[in-house]
Structure formats: structure tokens, C-alpha cells
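There are 2 protein chains.
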Amino acid sequence: MSGSNKPSSGQKGGLEPPGPGENPHTDLSRVYSKDLLPTAGGESLTCKFFQELVNILMDYIFKSNERSSKILDFHHPHQLKEGLEGFSLDLPDHPEPLEQILVDCRDTLKYGVKTGHPRFFNQLSSGLDLVGLAGQWLTSTANTNMFTYEVSPVFLLMEEVLLKKMQSIVGWCEEEGDGIFCPGGAVSNLYSLLVARYDFYPEVKTKGMCALPRLALFTSEHSHYSVRKAAAVLGMGSDSVQVVPCDERYPSVPSVPHRSRCVQGLVPFYVNATAGTTVYGAFDPLTAIADVCDRHKLWLHVDCTGYSASSVTWNPHKLMGAPLQCSAILIKKRGLLQECNQLCAEYLFQSDKHYDISYDTGDKTIQCGRHVDVFKLWLMWKAKGSEGFGSQVNKCLENAEYLFKQLQRRADFKLVFESKPEHSNVCFWYLPPSLRGLPPGPDTNRRLHEVAPQIKAKMMEEGTTLIGYQPLGSNVNFFRCVFSNPATQHEDVDFLLEEIARLGSNL
Amino acid sequence: MSGSNKPSSGQKGGLEPPGPGENPHTDLSRVYSKDLLPTAGGESLTCKFFQELVNILMDYIFKSNERSSKILDFHHPHQLKEGLEGFSLDLPDHPEPLEQILVDCRDTLKYGVKTGHPRFFNQLSSGLDLVGLAGQWLTSTANTNMFTYEVSPVFLLMEEVLLKKMQSIVGWCEEEGDGIFCPGGAVSNLYSLLVARYDFYPEVKTKGMCALPRLALFTSEHSHYSVRKAAAVLGMGSDSVQVVPCDERYPSVPSVPHRSRCVQGLVPFYVNATAGTTVYGAFDPLTAIADVCDRHKLWLHVDCTGYSASSVTWNPHKLMGAPLQCSAILIKKRGLLQECNQLCAEYLFQSDKHYDISYDTGDKTIQCGRHVDVFKLWLMWKAKGSEGFGSQVNKCLENAEYLFKQLQRRADFKLVFESKPEHSNVCFWYLPPSLRGLPPGPDTNRRLHEVAPQIKAKMMEEGTTLIGYQPLGSNVNFFRCVFSNPATQHEDVDFLLEEIARLGSNL
Numbered sequence: 001m002s003g004s005n006k007p008s009s010g011q012k013g014g015l016e017p018p019g020p021g022e023n024p025h026t027d028l029s030r031v032y033s034k035d036l037l038p039t040a041g042g043e044s045l046t047c048k049f050f051q052e053l054v055n056i057l058m059d060y061i062f063k064s065n066e067r068s069s070k071i072l073d074f075h076h077p078h079q080l081k082e083g084l085e086g087f088s089l090d091l092p093d094h095p096e097p098l099e100q101i102l103v104d105c106r107d108t109l110k111y112g113v114k115t116g117h118p119r120f121f122n123q124l125s126s127g128l129d130l131v132g133l134a135g136q137w138l139t140s141t142a143n144t145n146m147f148t149y150e151v152s153p154v155f156l157l158m159e160e161v162l163l164k165k166m167q168s169i170v171g172w173c174e175e176e177g178d179g180i181f182c183p184g185g186a187v188s189n190l191y192s193l194l195v196a197r198y199d200f201y202p203e204v205k206t207k208g209m210c211a212l213p214r215l216a217l218f219t220s221e222h223s224h225y226s227v228r229k230a231a232a233v234l235g236m237g238s239d240s241v242q243v244v245p246c247d248e249r250y251p252s253v254p255s256v257p258h259r260s261r262c263v264q265g266l267v268p269f270y271v272n273a274t275a276g277t278t279v280y281g282a283f284d285p286l287t288a289i290a291d292v293c294d295r296h297k298l299w300l301h302v303d304c305t306g307y308s309a310s311s312v313t314w315n316p317h318k319l320m321g322a323p324l325q326c327s328a329i330l331i332k333k334r335g336l337l338q339e340c341n342q343l344c345a346e347y348l349f350q351s352d353k354h355y356d357i358s359y360d361t362g363d364k365t366i367q368c369g370r371h372v373d374v375f376k377l378w379l380m381w382k383a384k385g386s387e388g389f390g391s392q393v394n395k396c397l398e399n400a401e402y403l404f405k406q407l408q409r410r411a412d413f414k415l416v417f418e419s420k421p422e423h424s425n426v427c428f429w430y431l432p433p434s435l436r437g438l439p440p441g442p443d444t445n446r447r448l449h450e451v452a453p454q455i456k457a458k459m460m461e462e463g464t465t466l467i468g469y470q471p472l473g474s475n476v477n478f479f480r481c482v483f484s485n486p487a488t489q490h491e492d493v494d495f496l497l498e499e500i501a502r503l504g505s506n507l
Numbered sequence: 001m002s003g004s005n006k007p008s009s010g011q012k013g014g015l016e017p018p019g020p021g022e023n024p025h026t027d028l029s030r031v032y033s034k035d036l037l038p039t040a041g042g043e044s045l046t047c048k049f050f051q052e053l054v055n056i057l058m059d060y061i062f063k064s065n066e067r068s069s070k071i072l073d074f075h076h077p078h079q080l081k082e083g084l085e086g087f088s089l090d091l092p093d094h095p096e097p098l099e100q101i102l103v104d105c106r107d108t109l110k111y112g113v114k115t116g117h118p119r120f121f122n123q124l125s126s127g128l129d130l131v132g133l134a135g136q137w138l139t140s141t142a143n144t145n146m147f148t149y150e151v152s153p154v155f156l157l158m159e160e161v162l163l164k165k166m167q168s169i170v171g172w173c174e175e176e177g178d179g180i181f182c183p184g185g186a187v188s189n190l191y192s193l194l195v196a197r198y199d200f201y202p203e204v205k206t207k208g209m210c211a212l213p214r215l216a217l218f219t220s221e222h223s224h225y226s227v228r229k230a231a232a233v234l235g236m237g238s239d240s241v242q243v244v245p246c247d248e249r250y251p252s253v254p255s256v257p258h259r260s261r262c263v264q265g266l267v268p269f270y271v272n273a274t275a276g277t278t279v280y281g282a283f284d285p286l287t288a289i290a291d292v293c294d295r296h297k298l299w300l301h302v303d304c305t306g307y308s309a310s311s312v313t314w315n316p317h318k319l320m321g322a323p324l325q326c327s328a329i330l331i332k333k334r335g336l337l338q339e340c341n342q343l344c345a346e347y348l349f350q351s352d353k354h355y356d357i358s359y360d361t362g363d364k365t366i367q368c369g370r371h372v373d374v375f376k377l378w379l380m381w382k383a384k385g386s387e388g389f390g391s392q393v394n395k396c397l398e399n400a401e402y403l404f405k406q407l408q409r410r411a412d413f414k415l416v417f418e419s420k421p422e423h424s425n426v427c428f429w430y431l432p433p434s435l436r437g438l439p440p441g442p443d444t445n446r447r448l449h450e451v452a453p454q455i456k457a458k459m460m461e462e463g464t465t466l467i468g469y470q471p472l473g474s475n476v477n478f479f480r481c482v483f484s485n486p487a488t489q490h491e492d493v494d495f496l497l498e499e500i501a502r503l504g505s506n507l
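Protein chains in written order, with UniProt numbering: chain A, 1 to 507; chain B, 1 to 507.
Hints in this document: simulated from the structure, not taken from any laboratory. One thing to keep in mind: the hints can contain errors.
Heads up, the list lumps identical chains together, so a pair's fine if it works in one copy or across two of them.
[Stated by the list, open to error] Each computed EDC-like pair below joins lysine to aspartate or glutamate, with the alpha-carbon atoms no more than 16 Å apart:
id: 1; residue 1: Lys34; residue 2: Glu387
id: 2; residue 1: Lys164; residue 2: Glu499
id: 3; residue 1: Lys458; residue 2: Asp352
id: 4; residue 1: Lys207; residue 2: Asp239
id: 5; residue 1: Lys207; residue 2: Asp90
id: 6; residue 1: Lys165; residue 2: Glu176
id: 7; residue 1: Lys70; residue 2: Asp291
id: 8; residue 1: Lys34; residue 2: Asp291
id: 9; residue 1: Lys458; residue 2: Asp412
id: 10; residue 1: Lys70; residue 2: Glu499
id: 11; residue 1: Lys405; residue 2: Glu346
id: 12; residue 1: Lys70; residue 2: Asp294
id: 13; residue 1: Lys164; residue 2: Asp443
id: 14; residue 1: Lys110; residue 2: Glu346
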């Protein structure tokens, strides 16, 4: 791979030998996007342009997998906006040559964040699954929309196959289950609330919230904020969310009245339970919550995966490592999603088509056009099999346990929870020399609260590893390490701790 | 490009010469996804796999640009599910070799729809911009989320640059304007309604619709169905939508009362005007509607582009040809989007970061994670310049005019509107021999209504071209041709008409 500032041009070899009369040594500094296909005779240039692009992308993938390369080359917004080393964000009036376009591609990657690097722990979405990536490239090339079978026959069938598989894994029988892939888990959670409301009060679709009693929904204080956000968006208001307090890591089982009983003017209808909370990775007491919901006729939504509820949000772009975005909402009761959202626009969902229009699933969604997020997951499933996903997830859990054990035996770190991690999240503080041995109390806590942000700031400047931090409840700022990257090995976990200790040694 | 059923393997040349000790002739039928990177020593195989993939994708792009190739090879759902020529949609327990993965990729494309084909007229999103595609491939490779500057520094700055440019084009001054890229135009429209409601009634965020008067919003009968859908989702109910009737193509200017005046229990607050309706491509009388909204203190949203309103939905994945998805909502009043949607989750949006956190725009959205939809548009803008987009759009309008002229002079077709197209939409009927010269009336109409679906069914079976149809108001099923594909030439327009005539000649 070329390390020079310009993409190599005129280099031998290619994706395809040039056709007769085409010049393989086209100078990319003299040609423009208008010279590519669909312009007649643009085949050779198109190949050359994509070959150069793929060289840049492969180079980036290789670097992302080298432990010695930086995860990020941090610059403040104003620095990037000023135009570093000629990298200008400005939008021109006149076209720029393809060579410059390739330079822009390389610069974009240069100043970005290598989320596939084995030492990137900042988000639960990390790693770069290469079969998933191949799936994304194909999806982009196919460039179609998920609204009708007419334009997405294969992808819609793949969605059906995936949803059925996921439904069987959460434990629903053949006759149950519906669902749709959504732009992210927050939107999947929104769908659950939308559909639950419609199931109990179908008049909401036409008459709105004014026709309904005031509703109450229940979720734990450690659940994802998207549940509250959805309540606000859907016109229920965030006050309708009854926050169930957590005892350290777990919520108490909510003492929800029966759905027919209105308490303080609010009618309960929906409980969100979390299987793997965002920060701590803790599992709500699902069986006990499911019992309550069953007895009291409430809709149970499980945010994450693995339980039999009325609806489930499942994000393959997290622990399963599918490239972003890939999230599904599963709804147990068939037909509800369609009824709730359909408006039967005739320009798109004609009823006099010559094929089985049950595959025109676009009217199930709150969108119109919908990005194809299924193919990469389908392709990954083919390439790994169910067993491959299993061992990949186990590896993440094993890494979490390894980190936990390292933290246990080090005096310069302190675990937020003394017990073994339930999931791939491990939460901990770093204790700089100046704080070790201090008596616990507000003053120590105040100082400890400042440690993680200071280390994080240095970490971003150095770019050797990346991890997130936050406070939660009475716990001042602590680091949260989440494992989802199959590239991560024990040596990377060791490196993370050494690096935090090094960056925090003089605090 | 190989035309055989298996991807060529052991072929010479490649993206990268193999490293020492690596075998360049790896047999892809014996290796699996686990042998790719991040597995140590996986560089050579990774290159080989992507080279084969890119060969398949380039082959597809070439075929998409060949007029003689089929747009689709149609099969009914049950046929595809049964497994055509070994193409199985089933998800396996055990991994399949990389060679099979590549075969699956080719089969997926084989049974899909070539939306970039010069004779694909089925949707307003058509064509395949190759620089945009390059942008998508890079975006997928970078595999990050748009929620914070921490993980998306460059992409968030590009979003800012694009939004500012788009705001200046719709006519807002430097101090005005905010916005966000959304998963599709329907969601952009939903944002406009969400933010308008919050602007007038900020209490809705916490207290919900029950705390508000019953609201009314206005939109024309030809506007996109996403406005009604958004009203249902947001808990206003679709009954709150006051549908303004259209006189053939244009809505009357709605006689909306002042926002302070409640009529029949409803308080007006929002008017949606459409700049280019979905089917007819007609422009609502924007100036007159803007006057009414200004006088009556109503929120004016313009769905599409090009007018100074309180908010604007702009879909670069339509006429501008950006690959799917690429849609923006622009909000004139700065800060509103943040206030309306923010919940300040501390695990993601820490306030003690060391950089300017105004670039952590994730809390402006109703999502959490957000796909990077900006880079492809940014890269296209670099490659074309503003002028390049201009001439591309003009080409589409010119094609529409050409089609209009051809239809005018043919006796076997009838235009829905006798006047010149305003936009890139042209609507028309085909009159088969048996219907020509019949007196207009319900019987003729009933028979004419069946013509378009019958031709469309044959068209899908033959796969030579693709165009949509629908009824609208009193107009029975007619074809709608929309131009957005830069590959389309006059000869393709001629072909479309000849093909419709051929397929419909014996009806």
C-alpha cells in the first residue's frame, strides 16, 4: 500500500484488464466524475477509480488491525475546519478531479476513528466484520429501498427469514411473531411503545392521545434513555414514564396495578425490561417482571434479546458485530404492526399487483423508504453459522471476565461491582497515586469524579486506545469497558489498563 | 469479468501482492470467514476475498449500464424461497466457505432489481452515482455512529457544512438554521411536525398531548402520506390532519384561521406545502400559502426543497441522485431541535469532555445511534461541484420534457395533463387498440383502469424496463414516469413508450 500523499496512479494490475482502445494509465488528475459510468466508454476508468478506492480502504482495514497504529489522530473542530494539510471540508462550485476525490477519501479516514481497532472499547458497537462489510458494499451497490417486493424481492425475503429465525430464538412459536428492521435500537424501542399503545387503544391512530386515558409505562432507572424519548415523541409525555428505582444494579420488580386500574389518574399499560443495561450490563429480573405483566395484562417489552415478551428489541450491530446499522423490533402478535402503521398509499402499495403483496412490507413502518440493513446480517449468518455467532459472543464474555480478574488483583483500580460481570460490560475506577488510601467520603469522591475525564482527554490526544466513562446514580465518573470486537485479545485488555495507569499516574 | 457460476479463484493479480509466506492462490472453497482479518496473517486472504467481491460488484455495475441486460429476473416469493438453482435463503448452523459466500453475493444481485439501469423509472430514487457509491463503501468501512464528535469527528463536521450549504440555498441567513440528516424523507417530515408542536407547546415533551388543545394541521390531498402517518405516530391522530382538496393538480390555498382561534374544537398550528408532489410533481402555491402562514402565525413546512419556511425536508437521494438513504430536515429556528429532543444521557453526552461538545449532535435526534448518510453527499459535491448538480437536475427536467413531447404526438397514449411538466414527473395512460376511440365514460374508465396493472405485470416478467402506476382522485390507473437517473437518454424514453405499446398491444 502506498504511504504517499497521493493515491498511486498508473500502477499496474487492476480489477479488470482494460478493454480494447482504453488507456489503462489514465491520469486521475485530469478526469472527473462525469467521465465515469454511465458515460459511454467509462468502464476502464470506473475500474481504475474503484481499484484505487479499494486500495485506500484495504490500507485502512490493515491499519485498523495493527495494534501499533493510532485509533485516532485527534483534532478539535476548529482545527479540522481550518483545513489540515490541505484537507478542505468546503463544498466547491466546480468539480474536482478524481485524484482529489481519492485524496479526500484518504484524509477522511485519516482524521476519523478506527472503530475496528482491537483497542477501541468506546462503544458497544465495535470491530469490523469483513463479511458484514462485504454485505454493506453489495447493499450500497444494489442501492434499493425496502418498501416493496417490486424493487427489493431478495432483501425482503431475507428479512423474513431473519425475523423468523430471531423469533424462534426468543421462543415464539411458528404462528406468532412479526417484526421489522429499524434505523437503530432507539427506533426499535419506539416501535414497541407505538404498537403496544395501538394494541390497547386502536382509536389513537385517528383520534390521538386526547381520546385516551392518561397512560403510565414502567422502566428502570438504568434502562436506555430511548424509552423516555419515545414517550415524548409519541405524545405521551416523558412524565408518563414511571421510573423504577434500582438497588445498585437491579430494579425492584415494579408494583404495577392491573391495567384496568387507574392510579392517580394514570392507566398502566407497558413495562420495559432490560436484558443487559447500557452501562452496567445488568439483567432485570425478567421472570418476575414477566409474571407481573402476565397477571396484570400489561405489554412487556424486552430491550435487548433473549426473552419471551410481547415485543423485543434486538440489535445485531452490537454483540453480534454486524456493521452499523442493524436493529430489529420483534412483535409477538401478528398483524399488529401493519394495522398500526398502514395508510395504504396507492402510488406505492397498489392492491392490483400480480404478485403476493404481503411482501410489500413498507406500510408496516413509520418510514416510507427504508434502508436495506438485512443483507449484511444474512451474509454473516451464512459465513459463520449460528455456532459462529455463539463462539464470537462467548469470546466477548470471556474477555470481560479476563478484565474483571485483572482488575481484582490490581491495587490501582477499583471495580464498581465486586461480583463477576453478567454481560460484556465491566465498570471500574482508576485510582491515581494521590487518591490511593484516602478515606471514602465526599471529598475523595469529588476528586475521583475528575479522574476519568482527565484520563479520557489525554487518551484522545494520544489515540492509543479509547474507552468511555460516565457517572451513574451515586457512583462518580467511572470507566465502562464493553466487549464486542472479535479482534480484541487479552493483550489488548492488559494494554488498556497499563495505558490508563500511565495516563493517570501523575493525577 | 467471469460469467461462470463460481467466482474465479486462483486468478492472477490482486489488490495487494501477498506478503512473505502467504499463498496467493488460496482456494476459497476451503477457507472461512474466521480466516479473514482480524485473524493473524489474514491480510492476503482478505485482499483476495475483496478482490473477488469487487469483481462481482463491478460486473453488476457494468451490466446495470448495459441497455440490453434485464432490469430484473422476476420470480414470485415462493419460487425464490424454494431455492432457485441452489440459491438458498436458509440460515445455516455451520459456517459456509468464502467461495459460497461470493456465490451468494452474485445470486443476490442476480435476482434483485437493477435500480441503476437507464430504463428503470419505477421510483424517484434511481441511478447509481459512482462517486456516491464510493462514499458509501468508505462509510461502511469506517463503520461509526453519528452521535458524538468523539467517534465521528469528520462526519459531524461534514454534516454541519452540508446543512449550512442547504440552508443558504433555501434562503436562510447565517444566523438562522439548524437541521439533521434523517433515515428518509418520511422521518424528516415527522421531525418537522414534532419540532413545530414543541415550539408552540413545549410542555408536550413532559406532559404529552393531554396537556394541549386539540390541534389541526393542513396538507393537500396530493401531499405525501408521511404527513398523516407522522400525525398518527406523534399521538395527534390522523383526524387532526385537515386535507385541503386539489383542483386537478394544485391545492386551494387553505383558509386557515389564526393560530389563536379555535375552530370546531381544533387549534391550527402547522401547514405542510409540497414542492413537487409525489405523483404529479406539482408545486403547491407556495407564496400564497406562505402569506397565510405568516399572517396567521402558523408553522410552514415545505416538503421537498427550495422555499423559505419554518422547516424544509430535502431528500438528496431523489433528484440529486445520492445513494439511499440521504435525507435532511432543516429547521429555521436554531436550538429548537436540541431542546425538543434532548434528554442528556450521561453515558454518551458527558458535559465534562475536553472538546467543544456542541458537535455531539446525537441528542438532537429521536434516535440514539445514527447512520452516516452525509459522506456520500459531501463526496459527490466535491466531485460535481454545485454546477454539476445543476446540470444533472436540468438533464432530468429535459428528459421529462422530451417524454411529454413524444406523448403529445402519439395517438396510443394520453397525457394526464395537457400542460408542460413542472417537474421531472410525467403522467400518462396507454390506450390499447380496443379502447381507442371509445367515448369517455365510466365503462371506458373501468377498462382503462385495468390496463396499467396488466402491462406492469408483463413488464416485470420481461424485465426490460420498469415504471410505476397508480390511480389518483378521479383519474384511473395511469403510469407515472419520474426522471432522476443520469444514465437515462432519449433512446431510453423512446424504448419505454415502445415497450408499453408492445406489451399492451393485444389488451
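Original post:
What label fits Lys70 with Asp291 when the C-alpha limit is 16 Å: within, between, both, or neither?
Top reply: neither (49 Å within a copy, 56 Å between copies)
**OP:** Could you place Lys164 and Glu499 in one of the four classes (within, between, both, neither) given a Cα distance threshold of 16 Å?
**Re:** neither (44 Å within a copy, 39 Å between copies)
Original post:
Within a copy, between copies, both or neither: where do Lys34 and Asp291 come within 16 Å Cα-Cα?
Top reply: Cα proximity of Lys34 and Asp291: none, with 63 Å in one copy and 41 Å across.
Subject >> Alpha-carbon proximity context of Lys458 and Asp412, limit 16 Å >> reply: neither (18 Å within a copy, 73 Å between copies)
**OP:** Could you place Lys110 and Glu346 in one of the four classes (within, between, both, neither) given a Cα distance threshold of 16 Å?
**Re:** This pair counts as neither: shortest intra-copy Cα distance 47 Å, inter-copy 28 Å.
Subject >> Intra- versus inter-subunit Cα pairing at 16 Å for Lys70 with Glu499 >> reply: within (13 Å within a copy, 57 Å between copies)
Original post:
Checking Lys165 and Glu176: alpha-carbon separation at most 16 Å within a copy, between copies, both or neither?
Top reply: within (12 Å within a copy, 48 Å between copies)
Original post:
At most 16 Å between C-alpha atoms: does Lys458 with Asp352 qualify within a copy, between copies, both, or neither?
Top reply: Intra 63 Å, inter 13 Å, cutoff 16 Å: inter-copy only.
**OP:** Check Lys70 against Asp294 for me: Cα-Cα at most 16 Å, and say if that holds within a copy, between copies, both or neither.
**Re:** Neither, since 51 Å and 53 Å both go past 16 Å.
Original post:
Using 16 Å as the alpha-carbon threshold, which applies to Lys34 and Glu387: within, between, both, or neither?
Top reply: Result: close only across copies, 12 Å inter versus 47 Å intra.
**OP:** Can you give me the call for Lys207 and Asp90, within, between, both or neither, at a CA distance of at most 16 Å?
**Re:** For Lys207 and Asp90, neither the intra-copy (47 Å) nor the inter-copy (42 Å) Cα distance is at most 16 Å.
Subject >> Intra- versus inter-subunit Cα pairing at 16 Å for Lys405 with Glu346 >> reply: neither (60 Å within a copy, 27 Å between copies)
Hint compliance for this structure: hints 2, 5, 7, 8, 9, 11, 12, 13, 14 are not met, and every other hint is.
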